[in-house]
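Could you put together the complete structure from these sequences and hints?
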Amino acid sequence: MRALRAIEASLEHLRPWMPWAAQYPMSVGEQAVTLRRFRGLFDLGQDFTYAVFDRSGTEVLGGSGLHPRVGEGARELGYWIAADHIGKGLATEVCAALTRVAFELEGIRRVEIHCDPRNVRSAAVARKLGFTHEGTLRKRLMAPDGVLRDTMVWTLLAEDYPASPAATSELEAFDVLGQKLL
Numbered sequence: 001m002r003a004l005r006a007i008e009a010s011l012e013h014l015r016p017w018m019p020w021a022a023q024y025p026m027s028v029g030e031q032a033v034t035l036r037r038f039r040g041l042f043d044l045g046q047d048f049t050y051a052v053f054d055r056s057g058t059e060v061l062g063g064s065g066l067h068p069r070v071g072e073g074a075r076e077l078g079y080w081i082a083a084d085h086i087g088k089g090l091a092t093e094v095c096a097a098l099t100r101v102a103f104e105l106e107g108i109r110r111v112e113i114h115c116d117p118r119n120v121r122s123a124a125v126a127r128k129l130g131f132t133h134e135g136t137l138r139k140r141l142m143a144p145d146g147v148l149r150d151t152m153v154w155t156l157l158a159e160d161y162p163a164s165p166a167a168t169s170e171l172e173a174f175d176v177l178g179q180k181l182l
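FYI, full-length UniProt numbering numbers position 99 of the sequence shown as 99, with every residue one higher than the one before it.
Read the hints as simulated data drawn from the structure, not as lab findings. Mixed in with the good hints there might be a few duds.
Straight line, CA to CA, 25 Å or less: simulated SDA-like cross-link-like pairs of lysine to any residue [unchecked claim]: (1) Lys88 - Lys139; (2) Lys88 - Ser56; (3) Lys139 - Ala22; (4) Lys180 - Arg39; (5) Lys128 - Ile86.
What follows is the structure in C-alpha cells.
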C-alpha cells in the first residue's frame with residue numbers, strides 16, 4: 001500500500017499538525033478499511049479525499065481533501081505532503097487545483113484552510129493562493145499531544161476567486177467515466 005508507506009515514512013513530519021497521524025502505524029488491513037471509508041464517502045458525495053501521486057502515478061506524494069465540516073456551501077481544504085517532497089510547491093499546486101474544483105465544479109461559495117499558526121508552510125500556501133486570514137481562534141482544537149492549540153482560519157470567497165492565483169492554475173478534471181470536466 002503506497003499511501004501507508006508514504007504516511008509511515010512521514011510520521012515525524014505529520015504528527016505535530018495532523019491529528020489523524022496518531023492512528024499510525026497501522027496494518028495494511030486497517031489502512032484498507034480507511035481507504036474504503038474514504039471511497040464510500042466520496043461516492044456518496046459526503047466528503048472528498050484525494051491522494052497526490054507523482055506524474056507516473058506510482059508514488060504517493062501526499063493527500064488532500066475538500067471536507068464539508070465548515071458548513072453549508074463551504075469546504076475545508078486539507079492537505080499533507082510526504083516529508084521527502086516538502087518544499088517543492090506540491091501543496092500549493094494541489095490546493096490551487098482543489099480550490100478550482102470547489103468553485104468551478106462544485107459551485108461552493110467559500111473555501112477555508114485551517115492551520116496551526118506555528119505551521120508556517122501551511123499558512124504560506126493559503127497566502128500564496130490569495131486566501132484571506134480571517135482570524136486565529138485561540139485554544140480551538142486538541143493537538144495530537146492533547147494540548148489545546150490555536151487555529152488560523154484562511155478563506156477564499158467565490159466572488160474573490162476569479163482574481164486569485166488559484167483561478168489561473170492549470171487543471172484537468174475527469175469524471176468517473178474518464179470524461180473531461182475542465
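Checked hints:
1. Lys88 - Lys139: Roughly 31 Å between the alpha carbons, so the hint for Lys88 and Lys139 is violated.
2. Lys88 - Ser56: It holds: about 17 Å lies between the C-alpha atoms, which stays within 25 Å.
3. Lys139 - Ala22: It holds: about 20 Å lies between the C-alpha atoms, which stays within 25 Å.
4. Lys180 - Arg39: Given that 25 Å is the threshold and the Cα spacing comes to 20 Å, the pair holds.
5. Lys128 - Ile86: holds, 16 Å
Of the numbered hints listed earlier, the single one contradicted by the structure is hint 1.
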